[in-house]
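Below are the chains, spelled out letter by letter.
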Amino acid sequence: MTRLFRAFGTPLSALILLFSGIWIFGLIAAPQLIMIEQSLWRMERPTGAAEISVQIDGLYNQLDVLALDRATVEAETDAAKRAADLAAIDAKEAGLKVDIAALEETESTPVKVYTLANFGQMGTAHLAIFAKTIAASLAVSAIALVVCYPIAYAVAKLETPRTASVIMLGLVIPYAINELLRIFAWQMILNQNGPVNLLLGLFGFDPVPFLESGTGVFVAMVYAYILFMVFPLYNVLETLDSNQVEAARDLGASTWNIHRRVVIPHARPGIAVGCIMTFMLSAGSYAVPYIMTRGTASPWFTQLIYNRFFEATNWNVGAAYALSLLVVCTLFIFGMMRILKVNLKDIAK
Amino acid sequence: MTRTGTGSTFVLRLYMGLFFAYMFLPLGVMVAAGVNDYSPPSITVWQGFTLRWFTEFWTDARMWSGLVNSLIIAVAVMALALPMGLSGALLLSQLGRRSAGIVYTVMVSPLLTPGLIIGISTVILWRNFGTTAGLFTAILAQSAFIASYAMLMFMARLQRQDHTLEEAALDLGATRARAFRRITLPFLKPTIVTAAVIAFLQSFENYNTTIFSIGGNHTLVTEIGARMRFGISPMINAIGILFILVTVICAVLWSLLRQRERRREAAA
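Heads up: the protein sequence lines correspond to chains A and B, in order.
Oh and the first sequence: position 151 is 151 in this note's numbering, straight run, nothing missing.
Oh and the second sequence: position 23 is 1023 in this note's numbering, straight run, nothing missing.
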C-alpha cells in the first residue's frame, strides 16, 4: 500500500483505491455474498406456532362461552343488574379480542430462519434439468474442441500469415455478430416449415419438430458458442514454433504423435480457455433456450432460475439455484486448470 | 506451404470450406428472410424483394425506447468501467506478488462467472437497499465484468511502459500526479480509446447479464430477444441485417487499423 502512495502521490492513490474499492467490494464481492446469504434463509412460521394456535383456539372457546352468558344475562328482568352484567361481559370480550389479535399477529408473522432447505426445493424434476443442462454443456464444449482444433491448427501453422489474417477476419465477423441473431437464424432453419424440413419433405420424410423436442436448443448452442473455442486455440497455436513440429517429424514421429506430444501440450492454455468459455456460456445461456423452444420443450436450468425470480418470485430458492450453477461452473474451471496444469494468469489474458 | 502432403492439405481445405459454410449460411438465411416480402420470416416461401420491414422498424416506438436505454447504459458503463479497470491495473502494478495474485483473481472472476449470476446477484443486493431492478442495476452489473476487460487491456499496456521517462520527470521536480498526467496517461491513450470502444460494444450487445438485471425495463437487444421468441415479423431480420452491416464495417476497419499499426511497428 505504501508503494502505491509512493508511486502515484496521495490524491491519485486515493482515487485509485476508491474506484478499485467500488469495483471489488461494491460490484463483485457484495452481490455474490448477498446472493449466497439469500440462498441460505427463508421465512418460516415462528417456532411454537402450533402451541400458539392451540392457545388461540382456547380463547375463541371462551368467547363462545361469553356469548352464551350474554344470552342468559339478556333474559334477566332487573334492568340495572342486566346493564351491569352486560358491561362486564363486554369488557371481558374486548380483553379476549385484544389477546387473540396479539397472538394471531405472532403466529402469522414469519421469521427469518437459516436453512439449507432452498437447495432441497430442487426435487428430482429440477435436478434432472440441472443434470441435463450440465451434460449438454459438456457436450457442446467437447464438440467445439473436436471441430475447432483442426481449423485453428491449419490456420495457425499451415497457412501463410497473409492468408491466416484473412481467414481470421472471416471468423471474427460471425463471432462479433450478436448472439441473438445467430440463434434466430437457426430458429428459422429448424422451424416446422423451415428449409431443413422442406428438404426432408422432398425425400418423403414427415416434418421433424426440432424446436419442440429440444434438439434445436443443442444445435443452436453449438453454433452460437463454437467460435469461443477457435480464437483461444488459434492464439496459442500461433506461438508454437514450427521448428518443433519439423524436428519431431524429422525424428520420425507420426502425425498423431506430433499432435499428442508436441502440439497439444503447447495448446493446453488455449484448450482450457476454450472449454471454460464454451461450457460457461452454454450452462449459463438464457437466450438459446428462450428463443429456440418457444416454451414447448423442457426448460434449461437458466430458465428455472429466471422463473424463480420473476414469475414464482421465490428469491431464496432462486438464489439457491443460481448458486448451484455458479458452483458447478467454478468446479469446472478448477477441474480444467488441474487437468491441463494451467493457472489463472494463462487463462485470463 | 504444403508441409503435410497434398492429400491431407486438400482434406483440411475442404474441412475449412465446410466450416465457413456452416458459419455463414445461417446468416444468409436470416438476411434473405429480411428482404422477402412474406411474413412470418421465411425463405421457403419467396414473395419477392422488399425493404418494407426496415420501415416497420423505423416506426416501432418500443424499439426506439430500447435503443435510447441501450445508449444510456452503454455510456454510463463506459464512464464507470474504464476508471475502475484503469484503477485496478494501476493498483495491481504496485502490489506485492501474493496480494496481487489475490486481487487479480477477484478482478478477473467476473469474466469466468456466467452473466446471469452477475445480473441477478446485483439485483438481489440492491433490492435490500430498496432499489428495484432497472437501468441502474443493469449498468452496475455490466460494469462489473466490462471493467475486467478494461483492466486486462490496461495491464498489458502498462507492462510495456518504459519507466525512465517518468523518473526523468520526477527528477526534474514534477509531482507524482503531474508525472502521471503528463507521461503515463498519454502513453495509455491508445488503450483508453480501444477499451472505450470495447466497453461500449460489450454493453450495447449484451443480453445475458442485462435480461437478469433490467427488471421491467428493456434495451434494444432484450426487446429483439423478446420478439424473436415468436418470430412474428421479418422486422427482426431487417434489424439483423443492420447489425450485420455495422459488424462487418467495424471488423474490416479494425483489421485495417491493426495492419497499419503492425506496419508502423515494423518500420519503427
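In short, the hints are calculated from the structure, not lab data.
Ideal Cβ positions, reconstructed from N, Cα and C, are used throughout, including at glycine.
Heads up, a few of these hints could be off.
Each computed SDA-like pair below joins lysine to any residue, with the alpha-carbon atoms no more than 20 Å apart [what the hints assert, rightly or not]:
1) K157(A) / R1098(B)
2) K345(A) / G1017(B)
3) K341(A) / R1157(B)
4) K341(A) / G1017(B)
5) K345(A) / A1100(B)
6) K345(A) / R1157(B)
Chain B residues, not near chain A, derived (Cβ > 12 Å throughout) [as the list claims (entries may be wrong)]:
7) D1037
8) F1054
9) G1088
10) P1190
Do the hints match the structure? See the list:
no.	hint	verdict
1	K157(A) / R1098(B)	violated, 37 Å
2	K345(A) / G1017(B)	violated, 34 Å
3	K341(A) / R1157(B)	violated, 27 Å
4	K341(A) / G1017(B)	violated, 34 Å
5	K345(A) / A1100(B)	holds, 12 Å
6	K345(A) / R1157(B)	holds, 16 Å
7	D1037	holds, 16 Å
8	F1054	holds, 15 Å
9	G1088	violated, 5 Å
10	P1190	holds, 19 Å
The structure does not agree with the numbered hints 1, 2, 3, 4, 9 stated previously, though it agrees with the rest.
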